[in-house]
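Visitor: Assemble chain B onto chain A, guided by the hints.
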Amino acid sequence: GDSVTQTEGLVTLTEGLPVMLNCTYQTIYSNPFLFWYVQHLNESPRLLLKSFTDNKRTEHQGFHATLHKSSSSFHLQKSSAQLSDSALYYCALMRGSALGRLHFGAGTQLIVIP
Amino acid sequence: EAGVTQSPRYAVLQEGQAVSFWCDPISGHDTLYWYQQPRDQGPQLLVYFRDEAVIDNSQLPSDRFSAVRPKGTNSTLKIQSAKQGDTATYLCASSSDSYNNQAPLFGEGTRLSVL
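Listed in order, the protein sequences are those of chains A and B. Residue 27 is where the first sequence starts when you use the working numbering, and the numbers rise one by one after that. Residue -15 is where the second sequence starts when you use the working numbering, and the numbers rise one by one after that.
Please keep in mind that the hints were generated in silico from the structure rather than gathered at the bench. It should be emphasised that the depicted structure is a prediction, and the values quoted were computed from it without experimental measurement. All the given hints hold, so there is nothing to weed out.
If you want the footprint, here are the derived chain A segments under chain B, 3+ residues with CB under 8 Å:
| id | stretch |
| --- | --- |
| 1 | 69 to 79 |
| 2 | 128 to 139 |
Each pair of labels, with its calculated beta carbon distance range:
| id | chain 1 | residue 1 | chain 2 | residue 2 | range |
| --- | --- | --- | --- | --- | --- |
| 3 | B | Arg23 | A | Pro140 | 26 to 34 Å |
| 4 | A | Glu85 | B | Ala(-14) | 21 to 29 Å |
| 5 | A | Gly42 | B | Ser4 | 43 to 51 Å |
| 6 | B | Asp47 | A | Thr40 | 47 to 55 Å |
| 7 | A | Pro44 | B | Val38 | 41 to 49 Å |
| 8 | B | Ser4 | A | Leu73 | 20 to 28 Å |
| 9 | B | Lys55 | A | Ser110 | 37 to 45 Å |
| 10 | B | Pro54 | A | Leu73 | 21 to 29 Å |
| 11 | A | Thr33 | B | Ile39 | 27 to 35 Å |
| 12 | A | Gly42 | B | Arg48 | 46 to 54 Å |
In this text, a Cβ means the ideal position worked out from N, Cα and C, and glycines have one as well.
This is chain A alone, in the form it adopts within the complex (with noise of 0.2 Å):
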């Protein structure tokens, strides 16, 4: 079935220092949707990033993702972490026009430090 990996489950950054928070997928489905989203505590699951075109950047708020389905990889960054960008992340799978479930990764928690 379809399925979504994150690597780390936290990663703590100094301030000013690129964020890259990693996401790889599987699915058989040829032509996806991937997406992120951030949770700040005791806020829900709030939309970040979407793409499902390859080889295309997609950007807001300062972060940016590329939607690699040779590698099956849809990793975020930023170039300058913030303290407010401290949150819990996750990248999120959907099959496209059947309008499948959304399957999440297992997150990963961001704490920026000064």
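Guide: Same frame as chain A, but now just chain B:
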């Protein structure tokens, strides 16, 4: 544009009590999802609808949980006899069938504590 609306925000029950959660999706969104998110875990799908039809309820504990979306708009999730293990946040999300707009968007959730 109004987001996904859920109520109540919080619920505290004794084991064996019943509770219902209500969700109003974003206008025009035909797909509605209910997720359960236990503390310190990721969201886990319980059931989702396309319009009024159930598409997948395989993860819904059918002996105690039920979900309906009778007119293809609002939805209600009910727990018949709550257990302590049901303690979690219950998230509703909705999405559109539009090819460019399929990202499920979440409501604020209902936090359930079963004592």
